[in-house]
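Listed below, chain by chain, are the residues.
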Amino acid sequence: MSVITLTSDFGIKDYSVAAVKGRLLQDLPAVTIVDISHNITPFNIPETAYIVKAAYPNFPKKTLHIIGVDGEKNNLHKHVVIQAKNHYFIGADNGIFSLLFPKEAIEEIIDIHHPKSQHSSFPTLDVFVDVAAEIVNGTPLANLGEPINQVKEWVQNTPNSAHHNELLGHIVYIDHLGNVITDISKSLFEKFNDKPSFEISISNTKITKIHENYSALVDYSLPSAQRQKPEKAIAIFNSLGLLESALYKGIPNHGGSAASLLGLSVGDSITISFNN
Amino acid sequence: MSVITLTSDFGIKDYSVAAVKGRLLQDLPAVTIVDISHNITPFNIPETAYIVKAAYPNFPKKTLHIIGVDGEKNNLHKHVVIQAKNHYFIGADNGIFSLLFPKEAIEEIIDIHHPKSQHSSFPTLDVFVDVAAEIVNGTPLANLGEPINQVKEWVQNTPNSAHHNELLGHIVYIDHLGNVITDISKSLFEKFNDKPSFEISISNTKITKIHENYSALVDYSLPSAQRQKPEKAIAIFNSLGLLESALYKGIPNHGGSAASLLGLSVGDSITISFNN
Amino acid sequence: MSVITLTSDFGIKDYSVAAVKGRLLQDLPAVTIVDISHNITPFNIPETAYIVKAAYPNFPKKTLHIIGVDGEKNNLHKHVVIQAKNHYFIGADNGIFSLLFPKEAIEEIIDIHHPKSQHSSFPTLDVFVDVAAEIVNGTPLANLGEPINQVKEWVQNTPNSAHHNELLGHIVYIDHLGNVITDISKSLFEKFNDKPSFEISISNTKITKIHENYSALVDYSLPSAQRQKPEKAIAIFNSLGLLESALYKGIPNHGGSAASLLGLSVGDSITISFNN
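Those protein sequence lines, which keep their order, are chains D, W and L. To convert, take the position in the first sequence, counting from 1, and add 2; that gives the working numbering. To convert, take the position in the second sequence, counting from 1, and add 2; that gives the working numbering. To convert, take the position in the third sequence, counting from 1, and add 2; that gives the working numbering.
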C-alpha cells in the first residue's frame, strides 16, 4: 500500500482536487490519498512550507507528497521530484524545497522531463500524477529526468540570536484558532537556559512565563469563579516545538483570538529579553 | 478492515488533521479514516455532541470515533475511552459523553493511562492515535487504563412536556442551509396525538402543519406560477426524527434561510400549543 | 475495488456527509469514497453540472457518482440512475443529466423504485446509498426500477456562433482564484481559424491574445523589474478546453481576481470579434 498526500491552493469547492484524485485512482487503484490542505493562501510558498513541514513527518516512510501551489513550469521554475528524509516530494522548484529542508538533508533532486510540463496550466493533474504513479510503480527517480545539484533558494527571515540577552523572532503562521506561531524553537530558547528570567514582547503585551499546554494556565485548586478567564495571551511551546501565543479557549469572531487581540500578522516581530 | 472517524475544531487549512491521519496510517496501514467534521465551533461541546450523535450510528459496528474538541487532560477532564452501542469513542471526558448517551447505554469507561496525557497540547495526535491503534490491534480496553463508573455530566436544557397542552423545546443546531433544528423529537410530539390540532410558535411565526419533506410543501397540481414560493417557514421532522424549521429552497446569503428570516440562534425557544 | 464519488450542497460542517460515508462503508466495506465537492451553491443545478462534468472523466471506468443536490423526489423529479460513458450517476432527475450529457451519450436511464423515495427528506442517505450498494454488488440496472427514455431537459444559454465574425459566450463558473470560465470551447474558437486576428470583449476589457498557460504571460528574457505585473486580465484555454480569463497570480481579497477586477458574475456575456 502506498500513501500520497495532496497540498494545494485549489480550495475544496472546485473540481480540481477531485480530478487529481480520480486520475491517481485510475493509475494506482490501491493508493491511499490524504489531503494535507487545499486552503493554502494562493501562491503563498512560505505558508505551504510551514504546513507541509509540520504534516509530512507524521506519514509513513516512502510517502509521496504532491505540492500543487505555484506549480507551473517556466523559465525560473523546473518541475522536480525530491527525495529527503525517506519521503518523496513532487512540485515546481519555486523555492519551497529550500524552506522544507537544509541542503544536506536532500538526497536526490531530479529535473522532471515530461512532455506536458512546458505547456500545462494544470501541472498537478497533467504531470505530477504521472510522476507519482511512476514512482509508486517502482521507476527509479533517475529515469524520470535529469539529476540536478540544488534547489532554488527562498530567502526568509530567520530568528536572530546574535545578542547575548535577546532573541528576535517572527510570526510564521496564524492558525485556525487565531493562535500566533513564531519561528523561535524550544532548542534555540534553551540556549539561554543560564538566564534566570525572561520577558517576551509581542505587540503591546509582555509575557514572562511559558506554559506546558493551554490548560496549564488554569489553577484548578482555586474555586471556579476565581480561575483564569480566557482573555489573557499566554505562551507555550507547541506540538512542533515552536513558541506560540494563544488565548485560553479564545474563539475567533467570538470574543477574539490571540492574533486579533494583539493585532498581529505573519511577518511581525517577537522579542525575548533575558535578564542576568 | 477498521474504520476510524475524526471530529475536531481544527479546521481544514492547518496541518493538524493531516498529522493525525499520517500517524494513524503509520500505525494502521489498512485503516479507513473518515472525517465527521473539522469545523466544529471551537470548544463547543453541545455542538460536537449533536453532530457526532447524528453521524456515528451510520457507521459499521466497532467503528472507533476520535473526538478532538477540548481534548486536553487537566484536573477536571480525564482522557477516556468509552464503549457504547458497539462503537468506541476516544476523547477528553469534558461532558460530551453524557450528551451522547444515557447512562445505561455506556458499557465501559476507561480512564486512559498514557505517558503523554498530562503534558500534551495536541492530545489527539499524541494520545488518541496511540489508543486507537491499540484498540484496533486487539488490546482489551481494560489494559489501557483504569475502569471508572461514570462520565462527567453536562447540564443541558431538555424539552419540557410537563404541561398538558404545551411542549417547550429549544434550538440545538443551525445547519449549512440555515435550517433550524430543535430538541423536540417525533416520539415526544406523538404523545400529544389525542389533540386534534396544534400551533408551533417559533420567533414571531406560527406554523400549524408538519410536512413530510421539503417538497411536500409544494402542490404540484397547481400551475407553476401559483405554487408555493420559497419564502415561508415550514416544519418537518427531519432525518434524525427532530422537529426542524426550514425555508423551501432557502439559500443563506441569497434571500435568506429560516435562521436569518426568523432571527434565531442556538438556545432559543420553540413552543407547541395543543388544542382540545 | 469500486470507487464512489459524492457531490452535494451539504457543506462540510454538518453530519450529513459523514452519515452517507458511514452507511456506504456498512454496505460496501472495500469501497473507495471520494468527495467531488460539498460546497455547491445550494440547489444550483448548472453549477453542479459544471463541476461534475469537469471531474468525472478523470475517474476509473465504472465509477459511481452520487449527486446530492436538489435530490428530493416529487411530482416533477424522479429518482434515477443513469449509465453514460461507462460511468454511473445516481440522483434526482432535476435537469442535471441533460447538462452533463447529450442525449445520444446516455446509454440507460432507470426510474428508481425504492420504498423510501417518496417520503424521505434525506434521499442521498435513504435511497442513493442503497442503490449504489446494489450496483456495486452486481444488480443489473434494470432490476432497480423501470427504464425510461429521456431525462428532464434543463434549458441553458449556449454559445452563439451564428454570425460570421462574432462568437457570443457566457460565464459559466468563477473558480476559487476568481478566474472566470466561459462556455466558449477551443474547438468552437478554432472554427474561426481562417480569421487573422480577434478581440475578446469581457466587461470593459479587451484581450487580443490567448496564452498557453498563466506563466506564458511573463517574458522571462526581461529583467525582473520590467516583467508583467499581476494586474492585467489575460485569456487562456484552460485544462477543460474552455476559454478562461485570469489575473496572473491574482489573489481574491488580496488585490483582486479577474472576477472582482472586471466585476463579473455567472451568466454575464463575453464576445469575440474576428477581423478579416
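Keep in mind that a hint or two might mislead.
[To be verified] Okay, derived cross-link-like pairs now, DSS-like style, lysine-lysine, Cα gap no bigger than 30 Å in a straight line:
1. K118/D <-> K197/L
2. K118/L <-> K211/W
3. K15/W <-> K234/D
4. K105/L <-> K63/L
5. K63/L <-> K87/W
6. K15/L <-> K15/D
7. K63/D <-> K15/W
8. K188/L <-> K118/D
9. K197/D <-> K64/D
10. K105/D <-> K211/D
11. K63/D <-> K118/W
12. K15/L <-> K87/W
13. K234/L <-> K154/D
14. K234/L <-> K64/W
15. K234/W <-> K211/W
16. K64/D <-> K211/D
17. K15/L <-> K55/W
18. K64/L <-> K63/W
19. K197/D <-> K55/W
20. K63/D <-> K211/W
21. K15/D <-> K118/W
[Unchecked claim] What follows is a set of in silico ranges between Cβ atoms, one per label pair, in the way DEER data are often shown:
22. G243/D <-> A32/L: 35 to 43 Å
23. T207/W <-> K234/L: 45 to 53 Å
24. A164/L <-> S203/W: 34 to 42 Å
25. G243/D <-> Q120/W: 50 to 58 Å
26. E148/D <-> Q85/L: 42 to 50 Å
For the record, the hints were derived by calculation from the structure and aren't laboratory data. Built from N, CA and C at the ideal position, the CB exists for glycine as well.
Hint-by-hint comparison with the structure:
| no. | hint | in the structure |
| --- | --- | --- |
| 1 | K118/D <-> K197/L | holds (28 Å) |
| 2 | K118/L <-> K211/W | holds (22 Å) |
| 3 | K15/W <-> K234/D | holds (25 Å) |
| 4 | K105/L <-> K63/L | holds (20 Å) |
| 5 | K63/L <-> K87/W | violated (38 Å) |
| 6 | K15/L <-> K15/D | holds (14 Å) |
| 7 | K63/D <-> K15/W | holds (23 Å) |
| 8 | K188/L <-> K118/D | holds (18 Å) |
| 9 | K197/D <-> K64/D | violated (43 Å) |
| 10 | K105/D <-> K211/D | violated (35 Å) |
| 11 | K63/D <-> K118/W | holds (24 Å) |
| 12 | K15/L <-> K87/W | holds (24 Å) |
| 13 | K234/L <-> K154/D | holds (27 Å) |
| 14 | K234/L <-> K64/W | violated (56 Å) |
| 15 | K234/W <-> K211/W | holds (12 Å) |
| 16 | K64/D <-> K211/D | violated (40 Å) |
| 17 | K15/L <-> K55/W | holds (14 Å) |
| 18 | K64/L <-> K63/W | holds (28 Å) |
| 19 | K197/D <-> K55/W | violated (51 Å) |
| 20 | K63/D <-> K211/W | violated (59 Å) |
| 21 | K15/D <-> K118/W | violated (38 Å) |
| 22 | G243/D <-> A32/L: 35 to 43 Å | holds (39 Å) |
| 23 | T207/W <-> K234/L: 45 to 53 Å | holds (51 Å) |
| 24 | A164/L <-> S203/W: 34 to 42 Å | violated (58 Å) |
| 25 | G243/D <-> Q120/W: 50 to 58 Å | violated (18 Å) |
| 26 | E148/D <-> Q85/L: 42 to 50 Å | holds (46 Å) |
In summary, the numbered hints that this structure violates are 5, 9, 10, 14, 16, 19, 20, 21, 24 and 25.
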